[in-house]
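Chains A and B are the protein sequences, given in the same order.
Take the first sequence: its position 161, counting from 1, is numbered 729 in our numbering, and each next residue is one higher.
Take the second sequence: its position 9, counting from 1, is numbered 577 in our numbering, and each next residue is one higher.
There may be inaccurate statements among the hints.
Pairs count within a copy or across copies, as identical chains cannot be separated in the list.
[Said to hold, decoys possible] Only pairs whose alpha carbons sit at most 20 Å apart, straight line, appear in this in silico DMTMM-like list of lysine to aspartate or glutamate: (1) Lys797 <-> Glu608; (2) Lys661 <-> Glu755; (3) Lys795 <-> Glu673; (4) Lys609 <-> Asp738; (5) Lys612 <-> Glu817; (6) Lys653 <-> Asp814; (7) Lys661 <-> Asp590; (8) Lys719 <-> Glu779; (9) Lys719 <-> Asp789; (10) Lys719 <-> Asp676; (11) Lys795 <-> Glu817; (12) Lys795 <-> Asp628; (13) Lys617 <-> Glu650; (14) Lys581 <-> Asp676.
Hints are computed from structural coordinates only; laboratory data are not their basis.
Number of protein chains: 2
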Amino acid sequence: MTKAMIKNGRPFKLVIEYDGSDFAGWQVQPNQRTVQGEIEKALKILTQKEVRVAGSGRTDAGVHALGQVVSFQVHSSLSFDELKKGLIGLLPKDISIVGMDELGEPFDARRDAISRTYRYVIARRSRAINRQYAWIPRITFSVESMQEASKYLVGEHDFTSFCKANGQTDNFISCVSDVHWQIDDGEIHFEITADRFFHHMVRSIVGTLMEVGRGKIAPEDFQQILKAKDRTCAGPTAPPQGLFLDHVEYGQNPHVFILNDKEQK
Amino acid sequence: MTKAMIKNGRPFKLVIEYDGSDFAGWQVQPNQRTVQGEIEKALKILTQKEVRVAGSGRTDAGVHALGQVVSFQVHSSLSFDELKKGLIGLLPKDISIVGMDELGEPFDARRDAISRTYRYVIARRSRAINRQYAWIPRITFSVESMQEASKYLVGEHDFTSFCKANGQTDNFISCVSDVHWQIDDGEIHFEITADRFFHHMVRSIVGTLMEVGRGKIAPEDFQQILKAKDRTCAGPTAPPQGLFLDHVEYGQNPHVFILNDKEQK
């Protein structure tokens, strides 16, 4: 199949939820079970053709998603309903469809995204139920200190101190538009919204905020770590199972109108 | 320490949470991984002796617990803290300790219980996250009809229609003191409190309530099914992964005072 043929296929937008526990992350890798790989496998069965899908962003092994957005184009005579029901049937239990739309124009889930929101869940006590969906640090920490330090994240910053160097990324500048905390007896949810996220960024931020929470770093020193642009200044990377890609925002694009007018369930 | 305690060992009350997904249920069975078996294994390592533990009730394979109560007595020179930390360390990740007390008198988690509350969780849409903690029926149903039918459960009834016959139980009479529904966009929680529960009772009730919800049985006919005392009249047994043993109540017993005065976390 040529690139031109892919370009001319019917464009779709898919919103999915997945449990990252048993995936080697989002991106296709040889001999590994990945989210992208499972979706492409299902689409190949349905359309009898190789289909390449794009996600709004990669997630690492063990990281979950509540609203990952996926774009792809297919050549198929199947109706929208047939494709959707086929996907629901063929995808494994740890991937579920939140919404699916057929669009009037091509759409790129990664390039067209204007912001992404990640959620990091920290459990306040040891637990058996839901243990795969949170970091359980088993230490005493002050959420108030973490909240205070997290205020320094908002705005445009160079996040080099919180990113894994990869030799591919020109710069680690990102604009964080919001950080939000939800705190109850059992769990702490830290939400962060930005235009760009880099490899390990949220997990490094949370790992460093936890160092603040347990008193190893003062909240005001968190800003110095950010300004240092040096990964060795920051704390450890928090574990993947607490991290969720929550949702992705797209700007209004008049070309990307929805062809299917059915309510998505 | 009384003579009885020296003979029988120091009595403990343990409250645990467990994820039933990977257990063949509560009760010890040869060559099976069970909750009781894991606790007894940990206590044997700590005390160097065979310890038999009692649970407030058995749970089937795949059924979870948020507050299962366990009683046991040990001969050990270990302090309360040593035993507790040892148990925390030795128990697998899918069993966690909610509370532990050393008592002044023997206590039987099963016989001393005055009521048990089970919770059954039904998911309103397909989902990947938390799929192991709910029944996902993938059909349209009316919660209002289910709520209406569930009112007939309250009171003392013969629950033969909702119990798996086992040849051991004299009668299936139970007094249901309360049924309670919590309903939100994503999940429906059905809670039922009674003095006794029988094998498959909650799951058969929920399976039959779902037949009401989907319109196969009228809410008022639910009462006739209860009165029929015939298992063949009721609906199918709902799957185990939606069921949680929520909590167990014990009457005030002046003999069962708590020896450890530390706050349990």
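Original post:
So which hints don't hold here, by number, going up?
Top reply: 1, 3, 4, 5, 6, 10, 11 and 12
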